[in-house]
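Let's have the full structure, built from the sequences with the hints guiding it.
Spelled out, the chains give:
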Amino acid sequence: MRRCLSLPRVTRRLVAGLLITVAPTVLFAGTEEIPLLTFAQLVDSIRADLEVTEKIKSYRGKEVAIQGFIVPAGPPDLSFFLLSRVSALGNYCCEAPVGQDETVYVSTEKPVNITYDPLRIFKIVGVFEAGMRADATYGPSLFRVRNARVEEALGAKIFRTGDFPAPASKP
Amino acid sequence: MTILTVALKYLRGRLVASTLTAVSIALGVSLVVASVLLARGIKEGFIAGATDYNLVVGAKGSPTQLVLSVVFRMDLATPNIGYTTYRDLQEDPRVEKAVPIGIGDAYRGFRYVATDSAYFASLPWRRKTFALAAGRFFADDPPSDPTYEALLGAEAARSTGLQIGDRFYEGEEMAEYPLTVVGILRPTQSADDRAIFFSLSSYWGMNEVARAMAVKPLTAVLVRPKRMSDLPSLHRTLNVAAETQAVLPSGVLLTIFNMLAVAEDVLKVILVIVGVIVLLYVFVSMYSATMERRREIATMRALGARRATVLGIVLTESAALATMGGVGGIVGGHAVAYLAGSLLGSSGLVTNPFFFDVAEPAVLASVVLLGTLAGLLPAVLAYRTEVAENLAPLS
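So the sequences go chain by chain: A and B. Just so we're aligned, residue 66 is where the first sequence starts under my numbering, counting upward by one. Just so we're aligned, residue 4 is where the second sequence starts under my numbering, counting upward by one.
FYI, nobody ran anything at the bench for these hints, they're computed from the structure. Careful: at least some of the hints might be erroneous.
Label-pair restraints from in silico Cβ distances [unchecked claim]:
{"#": "1", "chain 1": "B", "residue 1": "E246", "chain 2": "A", "residue 2": "R198", "range": "32 to 40 Å"}
{"#": "2", "chain 1": "A", "residue 1": "E217", "chain 2": "B", "residue 2": "E173", "range": "43 to 51 Å"}
{"#": "3", "chain 1": "A", "residue 1": "R198", "chain 2": "B", "residue 2": "E175", "range": "52 to 60 Å"}
{"#": "4", "chain 1": "A", "residue 1": "L219", "chain 2": "B", "residue 2": "V218", "range": "32 to 40 Å"}
{"#": "5", "chain 1": "A", "residue 1": "K175", "chain 2": "B", "residue 2": "A215", "range": "50 to 58 Å"}
Straight line, CA to CA, 35 Å or less: simulated DSBU-like cross-link-like pairs of lysine-lysine [as the list claims (entries may be wrong)]:
{"#": "6", "chain 1": "B", "residue 1": "K229", "chain 2": "A", "residue 2": "K120"}
{"#": "7", "chain 1": "A", "residue 1": "K175", "chain 2": "B", "residue 2": "K219"}
{"#": "8", "chain 1": "B", "residue 1": "K46", "chain 2": "A", "residue 2": "K127"}
{"#": "9", "chain 1": "B", "residue 1": "K219", "chain 2": "B", "residue 2": "K131"}
{"#": "10", "chain 1": "B", "residue 1": "K100", "chain 2": "B", "residue 2": "K12"}
{"#": "11", "chain 1": "A", "residue 1": "K122", "chain 2": "B", "residue 2": "K229"}
{"#": "12", "chain 1": "B", "residue 1": "K46", "chain 2": "A", "residue 2": "K175"}
{"#": "13", "chain 1": "A", "residue 1": "K188", "chain 2": "B", "residue 2": "K46"}
{"#": "14", "chain 1": "B", "residue 1": "K219", "chain 2": "A", "residue 2": "K188"}
{"#": "15", "chain 1": "B", "residue 1": "K229", "chain 2": "A", "residue 2": "K188"}
{"#": "16", "chain 1": "B", "residue 1": "K100", "chain 2": "B", "residue 2": "K131"}
{"#": "17", "chain 1": "B", "residue 1": "K100", "chain 2": "A", "residue 2": "K188"}
Note that CB positions come from ideal geometry on N, CA and C, so glycine has one too.
Encoded structure:
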């Protein structure tokens, strides 16, 4: 009876092989589609009149990932913060402070559970917005990400303007 | 007689042992509940009491000390900076609002905070609003003519019993410059409830050294930039300067939260150990009760009680003990959190003692389930009690 119910060895191996092959593809299928925007791309997208290019506008309303340093400019629950190319605490480094073009205004809906470190790079994933907009609480901003999720970006690099030769990811 | 009535009768029959077991469960649960409530209360107290301003500028030194003293009034004030720092920030095109702060001594433990009317201003981006419960705000007087008018936070007024028109001072040297109460604020659920506010002119006028200084001293300046994206450059400019440091208050609080998280992890391990000890105690209690009652159980079985009924009685006893202990523990946990919150309140941190965690019904359900499981082995022993063996004459 037991022998009848059990799958033949060949079938079991076939199923196991299929699972090993297909599972990673299924599991990571969602994350692959999220484009990673760089600060270099954001800087390059700004024209003289603070308008942003059509290319960067094409990401509006879509989920993107951006890596940078967290500047806790808002409340300590991190419901709002800035994501910057440069760390907020690198006081004595050679890097000049960044401006509006290299700062993303990030708002979160769900509680952020991270170990905050001003010198660590984090990856945020959320809905991208580009174009000048004034907010009553946080003032005018050029780039925003809302409904963001925050996670550590281990081994990530922050590219300086012009360092990043690859073209922008497809929207 | 139902299983429940028999189980409750058994519990009443050994009242002292049952009560001690329920109390031990209650103590364990109250420890867990109080720890969770306090940890969350402290964190939320810091979040709720945080300033609306994005940058605190003070003298070089500890960023944590600067934020704790200026925003939460929980530490000694940092050294002074010059009033010129405030003037420079006011003129900085990147700055929308700068508010000067001078932290002074205290009256009966309530800190003196010198500032100007901008501190109490209602602005579109501010979460915090200040409203008067009585009287008026102090006057923005010129340095040459200080008025020594005081505005009391709600808790400071309640604890000291000071009323509008009362004059007060603390310390012999302050007798020449008594403050007059002109207003009392409504509660803000922040450290401002425990502060005594007055003008910068009064602050400088009270102190002999400050009176003689050409550039008047300040403890800190609260800064709001016009654009948040200017914050990193403002931060950098003020930090590379020789005299000042600029601190993001939320950054300091997040660092404190990181340290609290480590303490919470240690606490979790301790709480798990406490939970295991309590469960073992329930098990030992139920086991010894079952062993003592073997003859009774055998009699019940001889009179026709089924094995499942005996199993149900012991499990119901465990569940009843766990329920009593669980409910008592949740109530006790809230009471402990309330008392601890009151004690923390006197040190400047405001917590919410009436906070109810949505996970509490789940905690109760888990306690009942685990308590019942702790009685499972004794229940199985009762289930397997042999009638003939246990009804044999004792002599």
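To see whether the hints hold, each was checked on the structure:
no.	hint	verdict
1	E246/B / R198/A: 32 to 40 Å	37 Å, holds
2	E217/A / E173/B: 43 to 51 Å	50 Å, holds
3	R198/A / E175/B: 52 to 60 Å	58 Å, holds
4	L219/A / V218/B: 32 to 40 Å	49 Å, violated
5	K175/A / A215/B: 50 to 58 Å	55 Å, holds
6	K229/B / K120/A	29 Å, holds
7	K175/A / K219/B	45 Å, violated
8	K46/B / K127/A	33 Å, holds
9	K219/B / K131/B	29 Å, holds
10	K100/B / K12/B	71 Å, violated
11	K122/A / K229/B	25 Å, holds
12	K46/B / K175/A	16 Å, holds
13	K188/A / K46/B	24 Å, holds
14	K219/B / K188/A	45 Å, violated
15	K229/B / K188/A	27 Å, holds
16	K100/B / K131/B	15 Å, holds
17	K100/B / K188/A	32 Å, holds
Checked against the numbered hints above, the structure violates hints 4, 7, 10, 14; every other hint is satisfied.
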